[in-house]
Structures are given as C-alpha cells and as structure tokens.
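Trainee: Here's the letter readout for the chains.
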Amino acid sequence: MSERSLGMPTRARWLLAVLPLGLVVGLVWFYLATDPLEPLGASAPPVEELTVERSVIDDRGFHLHVRADGSEPMRIAQVQVDGAYWEFDLEPAGALARLESAWVHIPYPWVEGETHLVSLVTGSGLIFEHEIPVAIATPTFTLSRLLAFALLGLYVGVVPVSLGLLFYPYLKTLGARGLQFLLALTIGLLAFLLVDTLQEGLELAAAAAAAFQAQAVVWLAAALTFLGLLVAGRRSGQPRGAALAYFLALGIGLHNLGEGLAIGAAFAVGEVALGSFLVIGFTLHNITEGIGIAAPLTQRRSAFWTFVGLAALAGLPAVLGTWFGAFAYAPQWAALFLGIGAGAILQVIVEVAAYLSSLASQDERAGNWWSFTNLAGVATGIVVMYLTAFLVSV
Amino acid sequence: MANTKAGKKEDGSAPTGGVPTMSADNGRRALLRNGLLGGAAFLVSQITRPFVEAYAQAPELDRPGHEHVEAHGGMTTVGTVDHARNGFDPSVILTDWDTGRSGETSDGKRLREFTLTAIDKEIEIAPGLFFPAWTYNGRVPGPTIRVTEGDRVRIHFVNGGSHPHTIHFHGIHSAEMDGVPNFGRGMINPGEGFTYEFDAFPFGSHLYHCHAIPLKRHIHKGLYGSFIVDPDPALHPEHKEAAMSRLLGAPENDRWQELVMVMNGFDTNFDDENEVYAANTIAHAYMKRPIHIERDRPVRIYLSNMVEFDLVNSFHLHANFFDYYDHGTTLTPTHRTIDTVMQCQAQRGILEFSFEGFEPGQYMFHAHQSEFAELGWMSLFEVVA
Ligand SMILES: [Cu+2]
Numbered sequence: 004m005s006e007r008s009l010g011m012p013t014r015a016r017w018l019l020a021v022l023p024l025g026l027v028v029g030l031v032w033f034y035l036a037t038d039p040l041e042p043l044g045a046s047a048p049p050v051e052e053l054t055v056e057r058s059v060i061d062d063r064g065f066h067l068h069v070r071a072d073g074s075e076p077m078r079i080a081q082v083q084v085d086g087a088y089w090e091f092d093l094e095p096a097g098a099l100a101r102l103e104s105a106w107v108h109i110p111y112p113w114v115e116g117e118t119h120l121v122s123l124v125t126g127s128g129l130i131f132e133h134e135i136p137v138a139i140a141t142p143t144f145t146l147s148r149l150l151a152f153a154l155l156g157l158y159v160g161v162v163p164v165s166l167g168l169l170f171y172p173y174l175k176t177l178g179a180r181g182l183q184f185l186l187a188l189t190i191g192l193l194a195f196l197l198v199d200t201l202q203e204g205l206e207l208a209a210a211a212a213a214a215f216q217a218q219a220v221v222w223l224a225a226a227l228t229f230l231g232l233l234v235a236g237r238r239s240g241q242p243r244g245a246a247l248a249y250f251l252a253l254g255i256g257l258h259n260l261g262e263g264l265a266i267g268a269a270f271a272v273g274e275v276a277l278g279s280f281l282v283i284g285f286t287l288h289n290i291t292e293g294i295g296i297a298a299p300l301t302q303r304r305s306a307f308w309t310f311v312g313l314a315a316l317a318g319l320p321a322v323l324g325t326w327f328g329a330f331a332y333a334p335q336w337a338a339l340f341l342g343i344g345a346g347a348i349l350q351v352i353v354e355v356a357a358y359l360s361s362l363a364s365q366d367e368r369a370g371n372w373w374s375f376t377n378l379a380g381v382a383t384g385i386v387v388m389y390l391t392a393f394l395v396s397v
Numbered sequence: 011m012a013n014t015k016a017g018k019k020e021d022g023s024a025p026t027g028g029v030p031t032m033s034a035d036n037g038r039r040a041l042l043r044n045g046l047l048g049g050a051a052f053l054v055s056q057i058t059r060p061f062v063e064a065y066a067q068a069p070e071l072d073r074p075g076h077e078h079v080e081a082h083g084g085m086t087t088v089g090t091v092d093h094a095r096n097g098f099d100p101s102v103i104l105t106d107w108d109t110g111r112s113g114e115t116s117d118g119k120r121l122r123e124f125t126l127t128a129i130d131k132e133i134e135i136a137p138g139l140f141f142p143a144w145t146y147n148g149r150v151p152g153p154t155i156r157v158t159e160g161d162r163v164r165i166h167f168v169n170g171g172s173h174p175h176t177i178h179f180h181g182i183h184s185a186e187m188d189g190v191p192n193f194g195r196g197m198i199n200p201g202e203g204f205t206y207e208f209d210a211f212p213f214g215s216h217l218y219h220c221h222a223i224p225l226k227r228h229i230h231k232g233l234y235g236s237f238i239v240d241p242d243p244a245l246h247p248e249h250k251e252a253a254m255s256r257l258l259g260a261p262e263n264d265r266w267q268e269l270v271m272v273m274n275g276f277d278t279n280f281d282d283e284n285e286v287y288a289a290n291t292i293a294h295a296y297m298k299r300p301i302h303i304e305r306d307r308p309v310r311i312y313l314s315n316m317v318e319f320d321l322v323n324s325f326h327l328h329a330n331f332f333d334y335y336d337h338g339t340t341l342t343p344t345h346r347t348i349d350t351v352m353q354c355q356a357q358r359g360i361l362e363f364s365f366e367g368f369e370p371g372q373y374m375f376h377a378h379q380s381e382f383a384e385l386g387w388m389s390l391f392e393v394v395a
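If you're matching them up, the sequences are chains A and B in order. Everything in the first sequence is counted per the working numbering, starting at 4 for the first residue and increasing by one. Everything in the second sequence is counted per the working numbering, starting at 11 for the first residue and increasing by one.
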C-alpha cells in the first residue's frame, strides 16, 4: 500500500527510478560524444601493458599466457629470447584488446636448469620481459602427477595438522590457565598467519594485470569473508568448543591453500629445490596450527571423528592449492584466494579472542583478559610462527 | 613465473638445526616435544624425498632438442615488412644511386643539384614493429648521393619535419656549409630551408647526417645517408684502372656489382639500447630476400656505420675474403685479404671481393657482434652461376 501512501500509481513510481537512470546514460553519451578532454590535448600515445600470467615449458619450447592491459588494443610484433629475435606463434593471432589474453608459443631450444629471458616486443617497440629463472619442463596434467601433488598436499597440510592434534591428550592435562595460554598462543599464531597471508596475496596481486586491481580485490575479499563468516558463525551465538575449532580449521585451511599454491607453483616453474624445501618448512610450521585447532576442544570430550574432520578441513585445502599452483596458475585468482584466507583468519582471531575473554571473565583466579599469561601466549605464538617461517625462508 | 612468483621464498638450503620450542615453561616436556617434532619432520622429509627426486629428474618428460625446434629458421623476426607502405625497399636501396640533376656552374664546372626534405614518418623496421622516424625524403637511410670528384654539389634542404634539423656532410667544405648549430646558417627550423653548396672532395665513401642537437636523438631517429664521391680518373693517372672501375657510368665500372649498405640500429623503447640492428634499416631483410650476386662479376660494397649507442659495428663475410679501403679515400687497399672489418660510428669504407669460381649457393654476411646479428643484422648473398 506504499504507492498509495506516496500518492502515486505504481507506474509513476517506476518512472521515478527510470528518470535518473536515463540521465546517467545521457551523461555518459554526452561525455563520449563531446570528448571534453579534447581541449586538454589528450592525444598521448596509448599506454601499453602486458602481463605474463603463466608460462609453460615443454619439448616444443616456451608457451606464455599473456594478458593485455592497456587503454588501446596492443600487438605483439616480435619476440626476443635471450636477446635474439625468435620465431613465435600467437594464439589467437592479431591484436589484443584490453584484458584479452593469448598464448605466445616460442619454439626455443632451451637449456635445462638455465635462465632464459623472453622479451615481448610490441608494435610500438615497447618491451615486456619475462624471466624464466630455471628452465625445466612444466608438469603436465596426468593422473599420476595429480596423485603425486595430492600426496604432497597431504604431507604439507593434513599430516602436520594431525600431528599437532596429537597433542590434544597432553593439552587436556593443562589447567584453566594453561588453556588460556594456549588460546592466546593460537591468537598469536593466527596474527602471524594473517599478516603472512595478506602479504602473500598482495605480492601476487602485484603480478596480475593492473586492470584487475587485484590488490583492492585482496582487501575486499578479506573484508567480505571476515564479515560473512562472522555473521554465519554467530547465528547460534558466539562459537566455542567444536564450532570454534571448525572455524579455526577453516581459516587455517584457507591459509594452507595458499601454502599449497606456493609449493605447486614452485614445482611448476622448476624450482624443485625450493619446492621440496617449502614442503619441509610448511610441515613444521603447520604442526603448530594443529595444536591451535585443538585448543578450544580441551574443555569437553570430543569424538575421534571430530579430529578427522578438523584435520581434513585444515589440511586438505593444501592439496587443492598444489594442484592449482602446478596446473592452472593465474596470479589474480591466487590473490583472490589468499584474500579470502586472510578474512577467514581474521574472523577466527576475533572469535578466539572473544572465547578467551569470556573464559577469563568466568575464571576469577586467572585474572582478566589482559593477563601476563595471555600476553606471553600471544607473543609465544607469534615468535614460534616467525621462527618456523624463518626456517622456511632461509 | 619470475615476475609472478607464487613461491613464498626465493631460495633455500636444507633445514637444519633444532625445532623451536613451543614454550619454555617445562624443560622436560619441551625436550620430549622437541624430540617428537624433530622426529616428525625427519619422517616427513624421508617420505617426500623420493617424490622430490622423481621430480628433479622428471624422466618421462621430453627434453627440447633440435629435432623438435627448427634450428636454422628459429632465430628470426616473424612476418614480412610492408615496404610499399614504408615507401622504400632495402633491396632497392642497395643500388639506388641518386646522381641528382646535372647542370653547369657559371665557371664551367659540372653542377649536381639535389633536394632533401626532412619528413617525420613512422616506418616499419621489423615486421609489425613501428618506429617514429625522422627521415630525409621519407626513407632511412636517406638517398645515396653519388657524385664525381670535383663536381659542384648543391643541396636544397627543406625542413618538413617537426623539429629543427641540419645536414652535415662529411667532406671538405667551408665553415658556412658545415650544417652544425651556431655556425653558418645553423639549425634550419621547421618550414624553412637552406641550400648547402660545396665541391665534392675528397673522393671516397662518405656520409651525411643531421647535426642538430640533441645529436644522438637526431641521428638515431634516421637522419643519415651515404654520400659517395667517385674518383676522377684524370686526376689519378697512376691508378687509372682502379679509378675507372669506381666511376659510375664508366665501362670499367659496369662489370662491378656495387652495393651500398648503411649499418644502423633502432632504440624502440628509449632505453639507449637498440632493439633492432640492420644493414639498411629493416631487420633480417636480406635473410628473407638474399642479395643476388652473379658469381663471375666482382662485388664492391660501400659500407658505413651509423649505429647509435654502441661503440662499433662490424661486417663479416662467410667463406670468402675481401680487400678493404678505409674511408674509400685510397685507390689501393688499406687492408688486404680480411674477412671481418670493424667500424666505429660514422666510419666507412669500401669492400671489394669476388665469388668467381665459387660453388653457387647462399653465403652469409653479418655483424660479428652476435648480439647485433641476433637482433637483425644478419644477411645472405645468393651466389648464382
Ligand atoms: Cu635533426
């Protein structure tokens, strides 16, 4: 009955929305038709941008997936490899409109283990360089390789988280203060993961085509994920116990997706030494995560299957990550996932902190939330993560 | 994926040392946990090792080999240049002598008159690769001006470009006619003109180029060309035969296959390094269309170096040797029987050689700086019987 209260028939109300819309369309048309920038002499040459999103190396040479990112269509006129003009094949052929992508196939007799430099020369003579740091054949998609990467993901994700969860019986023997310390430690490690994940996401975003504005996407994805999970998690009150553990596992799982990605991509670009080193480093790193996930469970009995579920949720995304990193890598997508991961981790930080604060208020002896124990816990969490990460980044 | 590296870390060595403690509250328990974590890590590394090694070797993957990649055809620019659109063709430039309009001066000398117009023009220097050039008469290099020793040379210069330019001729002339800023007429502004006039002297293989400032930019944009002064045989009785063979139009000259090559380069992205090197502007032009050489006729090349940003350029002939006349100002070789010659910027000379008695086929010549060769300065003679 609102139309009546406005004193207007339905059709007139509809018109009220159409009128401003029409004006907007008119304005855009007017701008394009009159070109108000013309007096400014805005006839600068088109800005050309080219991003190499993915490179595949095989027995036929190099294959680069490129995306144009300029104001005008651009044309890859010639290709140099290691400072020599080289044969190439564009697929599809022709100019690339804004945000259009193509494959550049270059039959080049590359040398295994050596560095090669591919320079893409545009029609106007600009050069976009792409370094292949260690030439090695890109893993192609085969079932056995898929399984191998799955196994790798399990080693990195599920196995260490499970090892961490094995501390559960010991954690149960800790008193109330011990539990608070443990939760504070979890907050510390999550804080580290948050920073790490965001940083990683922003780094990847910088490698994506500028028009995607991937850095903004990282922040927005993080914010939306955070809010979404917070709302979902609080539908039946503040999450605690198994529910909180599951949220922890989800947040950490998304972070582990990023870790899997890093490993898969490292293998894909031939940095096998780096890849294997990441495996060991992340494994150590992730044991701590298992301990953190177990922390909210220590106040009650938990079924064995709960632990299986938690390990799967926190660990299996690493498998997806290795697949994605090795076979279907694109920086903008990877950045998006890491943004989501950061948001999920932030939500868990908030929930664990809320849980810790409610525990502290129930427990007179343990003092308030700002106890020395809790500060020590947060600090220990951050330091432990830093030290294990330090091992990875040596 | 160097620019888009997903890997967290740049590199690494094997993880060593102890496993960090969770907390320092209980020594004995910490020790126990350390042992547990260390053991787990060791276990994981043992499990991963075969996987890692399998990948490191990746035996099932094919290695690139020359059977897969066309070793001969691989190193090249792709596509063809539209010479008609450019308005000049490197295959034509080779023998395109401009002897000007002939006349006579009041004191009875032979007069050669030329008109050179500076024109801004985008030219295609490799297939699909366009360079915003400054040109004389719409071509790079500019017209090959060819006169005879002692001729009166009159050059009407018209600046149809967007910047002040000049023409500076290598040769002997008055300060007035030097074509440099601040001396004589100095810089010629857009829309203006000037007539340079001097006697052709000494004979040789010379150059002309714009001497406006900034000099580097004006030269590498394309304002240069060859200026050949043929010797007057009457003035060189002791080397009459050689002089006659150089004199365009003389029967002795007719049996020679004469070619002009200006070695040049183009910096397309303004980083003071050339992205394209060539003889006569177009990358790989004579690889794609080899220069036809009749086996039994001698070859003479008027070679000059107008490459910018690099100290030297060079010319190397495969399967043959040549005599070299530095600057072309002598009638006897300054180097005999060499197969490679080096030229500093603006240096030039005459090469004489013959494929007489050689097996017909394709013979390479190129800069013997591999970098230049791979970036376009690589060519072929097609020797036919
Ligand atoms: Cu100039």
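Because the hints were derived from the structure by calculation, they are not lab data. Each hint should be verified, as a subset may be incorrect.
Said to hold, decoys possible - Just some of the chain B residues that point at chain A, by a computed CB distance under 7 Å:
#, residue
1, Thr86
2, Ala136
3, Leu321
4, His378
5, Glu381
To be verified - Computed cross-link-like contacts, SDA-like style, restricted to lysine to any residue with a CA-CA straight-line distance of at most 20 Å:
#, chain 1, residue 1, chain 2, residue 2
6, B, Lys131, A, Leu129
7, B, Lys298, A, Leu129
8, B, Lys226, B, Asn279
9, B, Lys226, B, Lys119
10, B, Lys250, B, Phe211
11, B, Lys131, A, Glu90
12, B, Lys298, B, Gly138
13, B, Lys131, A, Ser127
14, B, Lys226, B, Glu283
15, B, Lys298, B, Lys226
16, B, Lys119, B, Asn279
17, B, Lys298, B, Thr90
Ideal Cβ positions, reconstructed from N, Cα and C, are used throughout, including at glycine.
Trainee: Are the hints correct? Go through all of them and say.
Mentor: The hints, checked one at a time:
At a threshold of 7 Å, the smallest CB-CB gap from Thr86/B to chain A is about 6 Å, leaving the interface hint in force. Nearest Cβ of chain A to the Cβ of Ala136/B: about 6 Å, under the 7 Å cut. The hint holds. The interface hint given for Leu321/B is violated, since its Cβ lies 17 Å from the closest Cβ of chain A, which is over the 7 Å cut-off. Here the hint on His378/B is broken, as its CB sits about 15 Å from the closest CB of chain A, past 7 Å.
Annotation: interface hint on Glu381/B holds; nearest CB of chain A at approximately 6 Å, less than 7 Å. Of the supplied pair hints, the one linking Lys131/B and Leu129/A holds, its CA atoms being roughly 18 Å apart against a limit of 20 Å. For the proposed pair Lys298/B and Leu129/A, the alpha carbon gap of about 24 Å is over 20 Å, so the pair is violated. Our distance criterion of 20 Å between C-alpha atoms is met by Lys226/B and Asn279/B, whose separation comes to about 15 Å.
Restraint check for Lys226/B and Lys119/B: not satisfied, since their Cα atoms lie roughly 37 Å apart, outside the 20 Å limit. Of the supplied pair hints, the one linking Lys250/B and Phe211/B holds, its CA atoms being roughly 18 Å apart against a limit of 20 Å. For the hint pairing Lys131/B with Glu90/A, the CA-to-CA distance comes to about 28 Å; that exceeds 20 Å, so the pair is violated. For the suggested pair Lys298/B and Gly138/B, the alpha carbons sit about 15 Å apart, so the restraint of at most 20 Å is met.
At most 20 Å may separate the alpha-carbon atoms for a hinted pair to count; Lys131/B and Ser127/A meet this at roughly 13 Å. Between the alpha carbons of Lys226/B and Glu283/B the distance comes to roughly 12 Å, so the proposed pair stays at or under 20 Å and holds. Straight-line distance between C-alpha atoms of Lys298/B and Lys226/B comes to about 30 Å, which puts the hinted pair past the 20 Å bound. Taking the CA atoms of Lys119/B and Asn279/B, the gap is about 48 Å. The hint is violated against a cut of 20 Å.
For the hint linking Lys298/B to Thr90/B, the alpha-carbon distance of about 9 Å falls within 20 Å, and the restraint holds.
This entry does not satisfy hints 3, 4, 7, 9, 11, 15 and 16, going by the numbered hints stated previously.
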